[in-house]
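Engineer: Spelled out, the chains give:
2 protein chains.
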Amino acid sequence: QVPGASGEGTDAVVILEKTPFQEEKVLDLLKKHTKLELQMSNDIYSTYHLYPPPELSEIKTTVVYPATEKHLQKYLRQEVHLIRESWEDYKNITLPFIQSQSFSIQWVYNILEKKAEAERIIHENPDPCNGFVLVPDFKWNQSQLDDLYLIALVHRREVKSLRDLTAEHLPLLGNILQEGKEAVRKRFGVPGSQLRIYLHYQPSYYHLHVHFTALGYDAPGSSVERAHLLADVMDNLEMDSMYYQKRALTFTLRADDLLFKKFQEAGRV
Amino acid sequence: QVPGASGEGTDAVVILEKTPFQEEKVLDLLKKHTKLELQMSNDIYSTYHLYPPPELSEIKTTVVYPATEKHLQKYLRQEVHLIRESWEDYKNITLPFIQSQSFSIQWVYNILEKKAEAERIIHENPDPCNGFVLVPDFKWNQSQLDDLYLIALVHRREVKSLRDLTAEHLPLLGNILQEGKEAVRKRFGVPGSQLRIYLHYQPSYYHLHVHFTALGYDAPGSSVERAHLLADVMDNLEMDSMYYQKRALTFTLRADDLLFKKFQEAGRV
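Those sequence lines, one after another, are chains A and B. The first sequence: position 198 = 198 (this note's numbering), numbered continuously. The second sequence: position 203 = 203 (this note's numbering), numbered continuously.
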């Protein structure tokens with residue numbers, strides 16, 4: 001299928017993507033030579049297999065040819081696994097792993113010290129203990145509000161993740177929730193009731209930060225196996241200061257993730 | 001298009017969904033009578049329009065007929081708002097609303113009583129108190145595992161949602177978690193570590209049910225503002241039997257939702 005493919009043993013990457021329906025073509029889909037097969041029926045609900053004519057079911061196709069090893073790796077599917085991490089797992093597996101890695105978070109410090117992105121700061125509470133900086137996330141180009149995405153980075157540097165939080169951090173978290181909402185409303189006109197405000201566990205870097213995304217935006221990492229609503233986190237800490245030093249937390253890891261290998265070695269997956 | 005549609009002015013909801021590729025059919029897609037049109041080419045990268053034959057481009061079609069006003073509303077695009085429901089809100093606003101509505105869940109009873117979909121049952125624990133039935137969700141056509149979606153429906157009928165759960169329900173929830181995982185592994189070869197197992201709050205119908213979706217599948221309703229991992233729910237109930245009769249729960253409501261109007265009237269949004 002690759003046009004001009006000649007060399008033996010030369011790899012190609014072929015990417016096939018089904019595209020969203022085009023609204024103006026949907027009516028055609030329901031009329032035009034369309035084969036319809038009943039699958040099941042219950043009460044007022046029924047499901048069918050519909051086989052559309054080729055011109056109404058375009059597949060977007062991208063070819064990389066010749067493809068290098070790097071291209072192949074990038075597109076190979078990696079299995080993901082659910083991990084349920086007890087507090088003991090955290091102490092014995094995750095924490096030593098985090099400490100052994102030298103994740104560079106210089107870019108975070110650059111923002112906090114105004115050495116980078118200073119002009120992008122939407123809001124700052126300068127308190128060294130309970131303060132934070134709110135900036136647009138790299139993933140958001142700020143051209144439209146549909147995929148609004150901001151990050152609150154805390155000023156204090158010793159809080160790695162959700163696992164470190166206790167009731168001591170409630171004033172900090174409360175500031176982020178209240179001032180963050182207010183800043184987004186003022187700058188972008190988006191009210192707090194249209195924002196999903198949450199932490200990731202595992203986070204992608206171990207300096208405490210909080211995500212602000214548009215509620216209508218199906219943001220990557222907003223699903224239940226990774227996101228923790230800030231309001232829930234605060235309620236949990238109010239109920240029990242040691243909540244996150246007791247409870248099991250669920251997250252996913254890719255099979256090629258180093259942390260996954262650590263859980264495997266420990267016989268926990 | 002609706003089979004047997006006769007009544008004038010009777011509405012139907014028709015849902016069209018493109019399904020994931022089936023791995024074993026991808027090769028056919030690249031060979032069989034497939035029209036390929038070059039779109040652009042640059043260095044080693046090129047893109048094409050590919051027009052597959054009908055049998056390789058099935059569209060999953062769901063019909064609700066006759067559809068009530070509620071069905072129509074459900075599928076119309078609407079602004080969404082975040083609600084943080086305290087236990088008092090639940091008692092004063094949500095519960096009276098649920099009780100005032102006559103949501104028909106006859107289709108659930110049909111399944112539990114084997115009056116419909118009996119041949120689709122994947123697993124059953126027949127215990128009237130701690131038993132349940134596991135069936136593929138309407139949204140899953142069972143052609144590929146990528147978007148695996150099953151629902152566990154409990155046999156007992158008085159448990160409306162997460163808000164009704166206490167430690168009394170732990171045996172039931174434990175059965176769903178353990179037997180559900182085992183049944184999916186046996187029938188579909190998907191291990192428990194690849195499953196997202198969760199409840200919705202608010203649910204779309206008030207008869208307790210649990211969602212099983214493929215972990216790699218970005219299933220609708222799996223985001224943090226609606227999904228509650230069954231394992232977390234069980235830990236919460238073990239910690240405090242009255243957890244869900246105390247805690248605030250967050251969910252989204254569409255602006256046209258009747259429950260949203262009730263929260264508005266109560267001055268809670």
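Errors might be hidden in some of the hints.
No copy is singled out in the list; a pair is fine if it fits within one copy or between any two copies.
Derived DSSO-like pairs (lysine-lysine); straight-line CA-CA distance at most 27 Å [to be verified]: (1) LYS74 / LYS91; (2) LYS186 / LYS74; (3) LYS261 / LYS160; (4) LYS74 / LYS25; (5) LYS18 / LYS91; (6) LYS35 / LYS139; (7) LYS31 / LYS262; (8) LYS18 / LYS35; (9) LYS115 / LYS31; (10) LYS115 / LYS181; (11) LYS60 / LYS25; (12) LYS70 / LYS32; (13) LYS35 / LYS186.
Simulated from the structure, these hints should not be mistaken for laboratory data. What you are looking at is a predicted structure, and each value in this text was computed from that prediction instead of being measured.
Engineer: Given identical chains, is LYS60 near LYS25, meaning Cα to Cα at most 27 Å, within a copy, between copies, both, or neither?
Structural biologist: Both ways: LYS60 and LYS25 sit 17 Å apart in one copy and 16 Å across, limit 27 Å.
Engineer: Please sort LYS186 with LYS74 into within, between, both or neither, judging by C-alpha distance up to 27 Å.
Structural biologist: neither (35 Å within a copy, 32 Å between copies)
Engineer: When no copy is specified for LYS74 and LYS91, does a C-alpha distance of 27 Å or less occur within a copy, between copies, both, or neither?
Structural biologist: within (24 Å within a copy, 46 Å between copies)
Engineer: Checking an output row: LYS18 and LYS91, CA cutoff 27 Å. Within, between, both or neither?
Structural biologist: Neither, since 41 Å and 44 Å both go past 27 Å.
Engineer: Is it within a copy, between copies, both, or neither that the alpha carbon of LYS70 lies no farther than 27 Å from that of LYS32?
Structural biologist: neither (43 Å within a copy, 30 Å between copies)
Engineer: Pop the pair LYS18 and LYS35 into one bin, within, between, both or neither, using alpha-carbon distances up to 27 Å.
Structural biologist: Both ways: LYS18 and LYS35 sit 19 Å apart in one copy and 15 Å across, limit 27 Å.
Engineer: State whether the alpha carbon distance between LYS74 and LYS25 is at most 27 Å within one copy, between copies, both, or neither.
Structural biologist: between (34 Å within a copy, 22 Å between copies)
Engineer: I want to check one pair: LYS115 and LYS31. Are their C-alpha atoms no more than 27 Å apart within a copy, between two copies, both, or neither?
Structural biologist: neither (44 Å within a copy, 33 Å between copies)
Engineer: Quick one: LYS35 to LYS139, C-alpha cut-off 27 Å, is that within a copy, between copies, both, or neither?
Structural biologist: So LYS35 and LYS139 pass the 27 Å test across copies only (20 Å; inside, 30 Å).
Engineer: At most 27 Å between CA atoms: does that hold for LYS35 and LYS186 within a copy, between copies, both, or neither?
Structural biologist: Neither, since 40 Å and 34 Å both go past 27 Å.
Engineer: Can you give me the call for LYS31 and LYS262, within, between, both or neither, at a CA distance of at most 27 Å?
Structural biologist: Classified as neither; 56 Å inside a copy, 41 Å across copies.
Engineer: Can you tell me if LYS115 and LYS181 fall within 27 Å by alpha carbon in one copy, between copies, both or neither?
Structural biologist: within (25 Å within a copy, 50 Å between copies)
Figure legend: structure checked against the earlier numbered hints; hints not met, in rising order: 2, 5, 7, 9, 12 and 13.
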